[in-house]
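Produce the complete structure using the sequences and hints provided.
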Amino acid sequence: MNQADLSKLVSALRIAVKPKPRPLSCPEGPAGRLRKLRATVTALVKYERIELYYPRAEEAQGYAERLISDAIRNGDCHKHTMEMADYWLNEKQLVHKLFKVLVPRYQNYNSSFSRLVLGPNSYPGYFAGTAILELKGNPFPALQPETHNYHYWLHNVLLDEAKKEFRSAREERNAGTTESVTAES
Amino acid sequence: MLRRAVLQTFRQGLAQSFFKRYAVSLTETTVTHQPIETSNEAGERSVPTQKTGDESRNTVVVAPPEFRFMYPEFLPDPAMETRNRLREKLERMDMLQRRSVIEIPEFYTGSIMAVTVADANSPNKFARFVGICIQRGGSGLRAWFILRNVVDKQGVEILYEMYCPLIQKIEVLRLERRLDESLLYLRDALPEYSTFPLDMEPERRLNNSVVPINPLKVKLRPRPWLERWERQNLQGVEDLNLPQRFYDKAEKVAKPWEKYDLMLHYRKTIPAEEQEKIFAEIHSQLQQQELKRKLRRRRGPDNEQ
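If you're matching them up, the sequences are chains A and B in order.
As numbered in UniProt numbering, residues 1 to 185 make up the first sequence, in order.
As numbered in UniProt numbering, residues 1 to 305 make up the second sequence, in order.
In case anyone wonders, no lab produced these hints; they're calculated from the structure.
Think of the CB as a built atom: it goes at the ideal place given N, C-alpha and C, for glycine as much as any other residue.
There may be inaccurate statements among the hints.
As the list claims (entries may be wrong) - If we take Cβ atoms under 8 Å as the criterion, some of the chain A residues that face chain B in the derived model are: (1) 4; (2) 8; (3) 21; (4) 30; (5) 66.
To be verified - In silico contact screen, one side only, chain A against chain B (beta carbon under 7 Å); selected entries: (6) 2; (7) 3; (8) 5; (9) 9; (10) 11; (11) 15; (12) 19; (13) 23; (14) 29; (15) 32; (16) 34.
Shown next as structure tokens:
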């Protein structure tokens, strides 16, 4: 059993975080893994929507969310946050974008800051398919249609009323039959 | 009243003698970390905050941020596979129940403590051990700490589980922190750094609100050592004076990228929102227990008379 590490205060991430990280094998080993993920996070912050393979996308999503949540919590005058931003964003203009564009955009978000959508697979194959990793609030058209079902739409109102009528009619019928049964007995 | 005055002067005299003896360590101030402030006697650190823009207009009491350093065992083990919210809640209830029976004081690695344990095999039925806390760990009811001392030129370490019902008393004789979170290197250090008198008296704190950091740098014995101390970034050890090949190998083996691995840090800790929730839950009970103890202490000398 280990005690939680108290040296840093981190915000809760609003994505599903798996218990163990993926190794993302490469010749340089763990250092190479972080180098690859740095490139992915930089591209995500630069282009705001990127298409790549799913395992790397899922790992990079965690790091991007951590970076943005740290920036929101601590701001740009915090030494550690600035070090992290400097490491994770290979292009230094993106550090400005992080603190000046993304932080105000996500300041009041109650949900995650990024979205991971499954992309097209090339069949046949045993490999994980592609995925599209995007930052929310990006200027591009939405990837998935917005499917909202509001209760005040006309057809929903009519359907609800029809359901209620059906249920009450069935209850009356059941009550009628039980009464007749009890009367007989 | 006379007895109380005598006791007070005795304690002050003791405090002065200790201050003179340890003034050297206390006045050296090369503080690298921020000193941790603890809630003072008034206990007024919890500020009732209003939830911003929410329907509930009740004041929300938030525990002071120092709580996570004072009571780290209340935070659960961050490993995701073993988290169970219900079990954690029940453990916290049991921990508070135990704390209402016995006082488990605030301590850090580097504090000198005395623990009295019920022991059926000892002549007095109690066994008391004094030592410096070299490590603490565990979470929930399994929280533990290790005390180290050198008795008759033999180094002795005892691991105590904080919530074990056999423990009768935990006293903190000197409350201070060191430059490292783990003092395991004392095992390879000269014995004088781990020797503390078994009849040591509790020291009076000069400043109740800040826990001092002792910037002592320890001298290690010549090699071989139990661990490769040159590979750990130890602040509290003097220059190891090893041949260059040790440092070269340490560089080769080092993992400098772990400093930037954000998800690794996330998986090793509990998020701030959850910490706040946990400590807000236990804060009021801990405060009540502290107040009751203070009242008992104040009434104690009067009752004796």
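Exercise for the section: May I ask you to test the interface hint for residue 8 of chain A with respect to chain B, counting a Cβ-Cβ separation under 8 Å as satisfied? Expected result: holds, 6 Å
Exercise for the section: Tell me if residue 9 of chain A is really an interface residue toward chain B, meaning its C-beta lies closer than 7 Å to one of theirs. Expected result: With Cβ-Cβ at 5 Å, under 7 Å, it holds.
Problem - Restraint check, 7 Å cut-off on beta carbons, for residue 3 of chain A near chain B - result: holds, 5 Å
Problem - Evaluation of the interface hint that places residue 21 of chain A against chain B, nearest CB under 8 Å - result: holds, 6 Å
Practice task
Have a go at the residue 34 of chain A hint: is there a Cβ in chain B nearer than 7 Å to its own Cβ?
Solution key: It holds, given that the least Cβ distance between residue 34 of chain A and chain B is near 5 Å, below 7 Å.
Handout entry: Supplied contact hint for residue 19 of chain A, tested at 7 Å Cβ to chain B
Key = Holds: closest Cβ of chain B sits about 4 Å from residue 19 of chain A, inside 7 Å.
Handout entry: When the least beta-carbon distance from residue 29 of chain A to chain B is tested against 7 Å, hint result
Key = Interface hint status for residue 29 of chain A: violated (10 Å vs cutoff 7 Å).
Problem - residue 32 of chain A as chain B interface residue, shortest Cβ-Cβ below 7 Å - result: Violated. Min distance 9 Å.
Exercise for the section: Closer than 7 Å between Cβ atoms is the bar; does residue 15 of chain A clear it against chain B? Give me holds or violated. Expected result: violated, 11 Å
Practice task
Go through the hint on residue 5 of chain A and say holds or violated, using the shortest Cβ distance to chain B against 7 Å.
Solution key: holds, 4 Å
Practice task
So, residue 4 of chain A near chain B? Judge it on the closest CB pair being under 8 Å.
Solution key: Given a least distance of 4 Å, the restraint on residue 4 of chain A holds.
Practice task
So, residue 11 of chain A near chain B? Judge it on the closest CB pair being under 7 Å.
Solution key: holds, 6 Å
Violated hints, in rising order: 11, 13, 14 and 15; the structure is consistent with all others.
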